[in-house]
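For the protein sequence lines, the chains are A and B, in the order given. Numbered as in the working numbering, the first sequence ends at 253 without a single skipped number. Numbered as in the working numbering, the second sequence ends at 253 without a single skipped number.
Hints are supplied without guarantee of correctness; some may be wrong.
Which copy is meant is left open, so a pair is good if it fits within one copy or across any two.
As the list claims (entries may be wrong) - In silico DSS-like pairs for lysine-lysine, Cα to Cα no more than 30 Å straight-line: (1) LYS145 x LYS194; (2) LYS176 x LYS194; (3) LYS70 x LYS18; (4) LYS18 x LYS158; (5) LYS200 x LYS70; (6) LYS21 x LYS145; (7) LYS176 x LYS145.
To be clear, the hints were calculated from the coordinates, so they are not data collected in a lab.
2 protein chains.
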Amino acid sequence: MSERPLILITNDDGVSAKGLKELTEVMRLFGDVTIVAPDSHRSGMSNAITVDHPIRVIKTIDEEGFQVYKCTGTPVDCVKLAFNQLLDRMPDFVVSGINHGANSSISIMYSGTMGGALEGCIHGIPSIGFSLNDYEPEADFSRAKIYVARVFQQVAEKGLPPLVCLNVNIPKGEIKGIEVCRQTTGKWVEEFDKRTDPHKQDYFWLSGYFENHEVDVAETDIFALQNGFVSVVPVNVDMTCYQTFESMKSWRF
Amino acid sequence: MSERPLILITNDDGVSAKGLKELTEVMRLFGDVTIVAPDSHRSGMSNAITVDHPIRVIKTIDEEGFQVYKCTGTPVDCVKLAFNQLLDRMPDFVVSGINHGANSSISIMYSGTMGGALEGCIHGIPSIGFSLNDYEPEADFSRAKIYVARVFQQVAEKGLPPLVCLNVNIPKGEIKGIEVCRQTTGKWVEEFDKRTDPHKQDYFWLSGYFENHEVDVAETDIFALQNGFVSVVPVNVDMTCYQTFESMKSWRF
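Make a model of the complete structure from these sequences and hints.
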């Protein structure tokens, strides 16, 4: 067995995305990598799994000799398949991204990038989702990669608590440092674009903008990003609200 | 405007599922209902949203005169569309289910039923996801409905804290009562069924079984279910792990 750690890489922008290649370049510094990623983009797929049709996988070897698996499923399917069918042993780390576009605040709920990281975490593997606050397919990841390496090195050194993974968002442009943050409160205000097709039937495109309910609040991930800092949010797989759990015990059903 | 509360109903088993009809029957006792649900099942869709193709909606009126919208999207799409395009005003409650099959423990992560409830909660509406621990399409919901009504009445009376919704799982068979619980620690152990098609290509079916890491632990949702109690888990939209948030502040990036 190799002495270098085994790092599983996935994403939700698909196996051909620039962000995946950039993340792979960084991870090769730290270990052996295997890529298991969707064959095309799966943005907004959250923690979705494929239950009603089968999944197919195509294996290739990239120019550096690493195994790359293209999967017809979601990011979570990719991680599950890697653990159960594709890898010879469980990986030491799961990293997901680098997403083209931020996954700060409530976007963690809808993010396929974080779906991949959460699935690694559920299985006890230290896992990190990385996102760059730039949606462009040809985004410049050169500064981001330095911070991806820094965060990864700290996790490799210190580990993560059980059932906690990291949601790392990286600003576009100059970067001033790294801040440990909490998830900003806010929501997407959906403005559907309603159109009519040539057969006079209506259809809706999801669009919308983010509404921040904690503008300029220190320690929130969006505040960090807006001020040029990388935000690192530790994310809990256990979604129980313990405060409400205690207070609800007095309810008489 | 009606004095009766407006209750938005969705699910992930699709608009024709028995569980949706049963939930609707209960909710009609408490308010005016509008149903916005997927046109067929969307199990395992989690909080997924549809970003890469448009959504279509068909409106019908059911035998009781209530509006029913069949949507080509996910449960989260249904709730977003309801809020933004389909309802005349924001609902007073969002209820999702009754799912055919439990969504206890980690299944909350993958559940389209809870995706619908979480989306309501993100928008500030008291929201509840209901699931029956019985996967049968013709499951008997008669006992479950009594407990759906009890939980709903308590929420209507006491409200829920901001950004907290409920994950309610109901046992099959006799029911002894209702327990406020926390999310059980565990994971799905995925055993993919690998097959070969007539063209000699491999494909994988997701299957697997649940591995409980807290067997017989009081106050966990699975323990309650296994002992004949309805489990009520308060669920947090804020996924930040605050304990780790504090401890990570000493990390030197």
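Against the structure, the hints:
1. For a Cα distance limit of 30 Å, the shortest separation of LYS145 from LYS194 qualifies neither inside one copy, at 39 Å, nor across copies, at 37 Å.
2. In this assembly of identical chains, LYS176 and LYS194 lie within 30 Å of each other by CA distance neither inside one copy nor across copies; the values are 41 Å within and 48 Å between.
3. With identical chains, the CA atoms of LYS70 and LYS18 are at most 30 Å apart within one copy only, with a shortest distance of 15 Å there and 38 Å across copies.
4. In this assembly of identical chains, LYS18 and LYS158 lie within 30 Å of each other by CA distance solely inside one copy; the values are 29 Å within and 50 Å between copies.
5. When the C-alpha separation of LYS200 and LYS70 is checked against a cutoff of 30 Å, the pair qualifies only between copies, where the shortest distance is 18 Å, while the shortest distance within a copy is 39 Å.
6. Proximity of LYS21 and LYS145 under a CA criterion of 30 Å is satisfied intra-copy only: 11 Å inside one chain copy versus 51 Å between copies.
7. Taking CA atoms no more than 30 Å apart as the test, LYS176 paired with LYS145 passes inside one copy only; the shortest distance there is 14 Å, against 55 Å between copies.
The earlier numbered hints that this structure contradicts are 1 and 2.
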